[in-house]
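These protein sequence lines map, in sequence, to chains L and V. Residues in the first sequence are numbered from 1 upward in steps of one, following our numbering. Residues in the second sequence are numbered from 10001 upward in steps of one, following our numbering.
No lab work stands behind these hints, which were simulated from the structure alone. Be a bit skeptical, because a hint or two may be false.
Below, in silico cross-link-like pairs of lysine-lysine (DSS-like), each with a Cα-Cα straight-line distance of 30 Å or less [what the hints assert, rightly or not]:
(1) 251(L) <-> 10074(V)
(2) 10084(V) <-> 828(L)
(3) 282(L) <-> 785(L)
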Amino acid sequence: MAAVDPKPEGPLNISGRLTRYFIDSKITILVVIVAILAGILALHTTPRTENPQIVVPAANIIVMKPGASPREVKNLVVDPLQAILRGMRGIHHTYGLALDSMGVVTVKFQVGENRVASLVRLYNKIMSNMNRMPPGTQQPVIQPLDVNQVPIVTISLASAAMSGVRLRAIATEVLHHLRRVPGTSHAYLIGGERRKINIVLHPRLMRRYDVTLDDIRKVVQATNVEIPSGHFTNHNRRATIHAGTMLRSAKDVGRVVVSLYDHRPVYLRDVATITDGAGRIKTVHEIGFGPAYTHARPPDIDVPEVTIAIAKRAGTNAVTVADAVLHKLSALQGRIIPDTVHVNVTRDDGQRANSAVNTLIEHLFIAVATVVVLLVVFLGWRAAAIVTITIPLILFVTLAVDDLEGQTINRITLFALILSLGLLVDDSIVVIENIFRHYAQAGVDRVRGAVNAVNEIGRPTNLATLAVIVAFLPMLYVSGMMGPYMAPIPKNVPIAMLTSLFIAYTVAPWAARMWLKGEGGHGHDRPGILQRGYARIMHRLLSRPWARRGFLLAIILVFAAVLALPALRVVSFKMLPRNNNNSFDITVRTRAGSTLEDTNRVITALGDIVRRNHYVTSYDLSAGAMGAINFSGLLRGETLKKGPAVGEVQVHLVRKSERSVSSIAIVRSLRPAIDRLAARTGAMIKIVQHPPGPPVRATIMAEVFGPSYRKVAAIANNLRYGLFARMPHLAGVDSTVPHRSTQYIIKVDRKEAALHGVSAAQAAQTLKGFLSGMSGGAVHIPRAKEPVPIRFRVPIADHIGPYDLGKIFVTNPEGREIPLSAIVRVIKRPGPEPIYQKDGRNVEYVTAGMSRGSPVYPVLHMWQYLKHHKVDGVHLKQDFMKDPSSLHYGLRWSGEMRLTLNVFRDLGSAFGVAILLIYVILVGYYRSFAIPVIVMGSIPLTIIGVFPGHAALGQYFTATSMIGVIALAGVVVRNSLLLIDFILDYRRAGHALTEAVVQAGAVRLRPIMLTALAIVLGTAIMVMDPVFGGLAISLIFGTLASTILTLFVIPLGYFAYANFSERGGRAPRIR
Amino acid sequence: MNRANLWPVAMMLALAACAPKAPPPSPPIVRPAVARAVLQLQVPADLDPHGDVVIPRDAIVHKGSLPGVFVLSKHKHARFRLVKIGATTAHAAQILSGLSGTETLVLPPFRGVHDGTPIHPQPTTTRGPHGSR
């Protein structure tokens, strides 16, 4: 490679020694075989996931304090709890929510904290501080939020003809079988109706027979006992005894004697209707089918369903677990699942991960193939073949290392491999080219020639590889969720680079010794038209100082113009673009006070809207609860949402490989109809698309803080209906400020109660029993797989209004019946409003999504507006990063904006650190402070390609684009490094400055172009990817611009520097 | 099946032929239209003293375990509507939630009526012994 005469044979450097050992060793062939076997093994055994698994330890702590108002809960439970937790190590944020009788604190640990250790510490901390909880609080419930709770497979069993109880019983049976599949963990059912023994009491009959609700409940509980009571031993036999009467069916329950009337027993069935079945409907789960559905359609539009959700154990392979589950399912069909039940797999993450990984492996092959074609054109087929052998070896070793480290194969890993493809062929190319040059000389010993060839280029090649590795390493320290998400890139690229170096020094020379022909003769040394043209231009530039200065000035001007592109918004910033998915969710929150029936109507109407789209296969409708949770929903806190006013539609589309329209466009086409529905019904409807990267609570999120919570709520409302509503492209603007709702307070008049001899507690207990029913244990049905509770209730018709209390009676100790209306007063007042807290301070959130575009610009716009305008007579102090002061009204922009800023800040610092490290290495290599600066001059040149590239393709400059820029730093330094190295070699060999500069450029032209083209062609396949397109654009355009400009700017820079030093009387130091 | 229904089927079949990999989507379901008596609810005639809608008890239908009624849609399709049932008598049922009192109910027999079935409405002459009238 080095075109200068080979140095006299000295001691070999490390590269040369490696080559000498491996070039005719039997171990080399073993290395090849081991690498191939390890790679194939890794490809099959490494767990596959779609995205890297991000460990975000988090937990909900739910504390009940019955009867306390939200303010009380906040002061007595949520505040102290947050204070306790904030003292813990590794806590990122605490979110408090004070509701009526209930407080919820969500704890988020720092990303990457050990999950188990964090949770153990959390339990410890809470349990050791239990004495600080006020009296009357119940034991806190701690729910860890775990990625491994998210179901990877959901199976829908649907039937319109079958009762919900029967369907659920079938699903329970199926679940029982599927749980036995190895690798599954958390498995549960959503929907259907639990079997219950419903006792509907008739107050009229109860009065006639003089029995009260409390009597009945006590009798039923007392009857429903059976205890092991010892054993008999007689006739040399021992038998155990159970004593008692267990209730085993609805009939049994009906035969319970509840009192005596007129000397005759009164049976429960005399005062109540007893049914065995569903009871009151609290949630509705249905499935509907779109035009793209491929199985037999049921006659109904929406069919009631039960969803079986199955999560996998940590560390198992989603692909194999999902396959095993579905295999088992097909065996159960027809045997346990009747043929009348429609079975649909509504989620299959295993298949999703597998197809994502397989697509990318396919892309990797295409990328390898294009690079190989390039090599054949440039190097001839023999050299190309040798380089080609090394590519799979390097990739295999990298995959094997991943497997050993316990990482998964995911999209990011494969992108890292595609990205490194352009870089890793380099080392082999350099080695093969130089060996080729040596062999071209007549009478060279094949072994000695190869070793010398490697020895010659060893140092610069090591250095260049090191520069690339060093560029990537700082990315490991990106904070937040983006860190672990992107981590496969800084982990895999250095591994691939090191492996490529090793393979280039061992396998490549070994293969070259065997197969490379000495007499190639495709005109290496004869300068081609490119080289001649380059030399002519360089001569002209070098000989005329004004042309030189003009050229450099022009470059600087172009650079400045390119930097203006983002400022003029020709290139827009965004954290990550949207992904083309196979499903999306629509969440619904109807107005406060809505009934389940209202919510279900909205949900059904949404089903009608999505069903019109041609790419919809099926959709799950849920009212009264959410559907099967997913990863982003888990982090958004959707496990806590339930009640008649919430609902969700999960829409499933045709697989993306078989559809020409992206899910983003489908959502956009549905949005107008959905917005109209939202306007008509007053419901809050949000479309949630699964983000390609880490999820956030909302795309745009304003946290409003301040001293008075009432004022904070007013400001938040003002923002929501004012500023946010006016911004274009914002969708689903919402806030946590609640709508007014009504609450009835039923006050027990203490004096009246005392006069009637009734305690307040008794009155409240009776009321609760009448209004919300009462549990009376469970019947014992040995075959039932779920407990069958006994529920008492009064027909709903009897408690429709708060003024029907005259129908409810309490019995006082004298046995007299007192109508409840005699001792209570009903007060109507606005319902209690929840209090939200973040990190111990009251907050209201105003949130919005984006119908299109990047959230960066609306946020900046609103920030500007609020800087100059008052809201509710208050000037809001705005912040992006730090907490606003607690004394003033303040607003912090959170959500995706915050994440974007964090990510760009972290990647920016990673870039800075990378540049510093490269500089340090170069200083060490050249033993000069100035030459590294010239070498690194090629880094800013990349920007000249990057921004216009994004502008030309109309893409956002995303976090992946930034990663591309960082990668470019390593890549282009390598080019200019070898260029400067050659110039220095020529000068050392005694050439004049001008001659050295021109000759080095002309000789390096070919390999530099080859390297650049390898990167461009290798990454070209990524351009179409919605997420990693940015990375590819950065690499392709950055490499092209930088390569072409480097060939001129770097020699000119060196020329100017050398001229300047010579004129200054000092010769530039040459090592 | 009328001619208008055939076009989407034909287009879908053509689409399916282009992509041999994916199984073709199953054709849209054909629900034969049926003639059924309907009942136009009226406010306040069909309200009880509490202000809740009262409907004929036999108009109530169950989809799985979900109690509901078939409401005639704008396009003359029977659509299932979830309701919460209050007090019932032999002939009438009080609806606590789910109906506003302006809907048109499809009356039995419900054999052949599914969620989405086209209905040829037959006006009823007698309103039946329900409601407060």
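Going down the list of hints, with the structure as the test:
1. 251(L) <-> 10074(V): 46 Å, violated
2. 10084(V) <-> 828(L): Holds, because 24 Å separates the two Cα atoms, which is no more than 30 Å.
3. 282(L) <-> 785(L): Answer holds: residue 282(L) to residue 785(L) is near 21 Å, not above 30 Å.
Comparing the model with each numbered hint stated earlier shows that hint 1 is the single one that does not hold.
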